[in-house]
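Heads up: the protein sequence lines correspond to chains G and W, in order.
In short: position in the first sequence from 1, add 27, done, that's this note's numbering.
In short: position in the second sequence from 1, add 1, done, that's this note's numbering.
It is worth saying that the hints were derived from the structure and are not from the lab.
Among these hints, one or two may not hold up.
Stated by the list, open to error - Taking lysine-lysine and the BS3-like style, the derived pairs with C-alpha atoms no more than 30 Å apart in a straight line are:
(1) W:Lys35 / G:Lys135
(2) W:Lys218 / G:Lys184
(3) W:Lys218 / W:Lys35
(4) W:Lys173 / G:Lys213
(5) W:Lys173 / G:Lys135
(6) W:Lys218 / G:Lys86
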Amino acid sequence: MAEEVIGLRNVSVRYGDMPVLEDVSLSIYQHDFLGIIGPNGGGKTTLLKVILGLVKPDKGEVRVFGGDPLQNRRYIGYVPQYSLFDHSFPISVRDVVLTGRARQALFKRYTDHDRKLARSALEVVGMLAFKERQIGRLSGGQQQRVFIARALAAEPKVLLLDEPAAGIDARVQTEFYELLGRLRQKMAIVMVSHDITAVSVHVSKIACLNRRLYYHDSKELLAEDLEAAYQCPVELIAHGIPHRVLREH
Amino acid sequence: MITALEYGFMVNALAASLLAAIACGIVGVYVVVKRIVFISGGISHASFGGIGLGYFLGIEPVLCVIPFGIASALAIGEVSRRTRLSEDSAIGILWAMGMALGIMLIALTPGYAPDLLSYLFGNILMVSRSTLWVMLALDVIIVTVVCLLYKEFLAITFDEEFATVIGIPAHKLYLVLLCLIALTVVMLIRVVGVILVIALLTIPASVSRRFTNDMRKMMGISIIFAALFAITGLYLSYLFDLPSGSTIVLVSGVVFLLTSLIPSGHNFKY
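Same shape as in the complex, but just chain G (with noise of 0.2 Å):
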């Protein structure tokens, strides 16, 4: 079996006396590419803060490449949603993605390297030709690849991304989902989504996320695990077998 990157055990976090995610263990390896679906505030953006020990659960554990969290997070790229930033911020598509490198050695400028990451990163991405455009310029599956280049200038191990497809056109979340298939050759993937469709397709791994997490490690859900996270039957039209989410049933 591949090596775990990121662990968690029975972990639970309360808001105040609001439980927001209870008992969730997860065990996500190298290569992976996880989709966690599940309802608008089921939990989602939680689990990914507690993986990079912005939250501390309440109980349980987390252990990031087999160390703690606040130790090893800088080895994952964090994706934000990126619908929350202020799209009319005075910065460049270039020095977004050179804050990827910012850690780099405090009160020193920029190195040659950094800035050789920073291009190769939006090469990828394939947004090279855009690096001196303000970043609001750009349309939303643009910024969202500018966001993915910025985490990816960090060197990561793993991505974490944060409802990357939404806001996003059709056409441009195939060319998106190309692109995370062809990260995932480097780095294992995780991305949380509250559109069943969309990741069902790309994904490798698939959990449902309602307070509670329902994980299989493998691709298939069981009917009765979406209907628990969902609270309400859930009827998913099956696209075929390559694209099968639910066993036969």
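We have chain G already, so just place chain W on it with the hints.
What follows is chain W alone, placed relative to chain G:
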């Protein structure tokens, strides 16, 4: 203006305007792009407590404002993180407490506080030579810190969470930034006063945003505008015998309105 410069106090006032413009031009850009205008207002008003303390202890108020302003900045930065209080409530409370403390201490000080109003609304004509040296030193500190931490400040103002994840001590640097705001407030108190400080922290930076998408250039343009506002306001106040602080602020406001009427390539709201 030439005849005005025959007065020593006008030369000092002009020098103070230029020194203050450097600080508020640079720091104001962070205030505007990180949207911490309310926090900056909190720091400047809370600093009034430092002026009161200066009066009470018989120390030069400006020197007392520096540690007091920094303490307020750190308190505002920390309080919302450590308590369940929402950030804007924390700021509002410190804002009013600082002002109240200042007024209380001045009331408790025997004798009459002759230039109380000048701290509230500014009186740049009263800047002494020693104050100019303090302002110069503060400018040197601010410019040095921003040069050293430019890339880190850019990272935390754009996306504090991402900056934290990749290993930048984002919260500590944020506190450093709030301290720079406190130092800028100290310089601006002489020019426009505690209450009007927020105008010079926001207007030059907001106007400069209309001319560029680059933060460094924004800082440069913002310094130029801040200096223009201060000098024009100063001259008009001299010419028509008006209060200098409010004239400077009104000049800034008018220019801001005019520039926001011009259609611009960088069509963003601030």
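Hint by hint, here is what the structure shows:
Restraint check for W:Lys35 and G:Lys135: satisfied, since their Cα atoms lie roughly 22 Å apart, inside the 30 Å limit. Straight-line distance between C-alpha atoms of W:Lys218 and G:Lys184 comes to about 36 Å, which puts the hinted pair past the 30 Å bound. For the hint pairing W:Lys218 with W:Lys35, the CA-to-CA distance comes to about 17 Å; that is within 30 Å, so the pair holds. Simply put, W:Lys173 and G:Lys213 have alpha-carbon atoms about 34 Å apart, too far for the 30 Å limit, and the pair is violated.
Taken as a hint, the W:Lys173 and G:Lys135 pair is honoured in the structure, with Cα atoms around 17 Å apart against an allowance of 30 Å. Taking the CA atoms of W:Lys218 and G:Lys86, the gap is near 48 Å; set against the 30 Å cutoff, the hint is violated.
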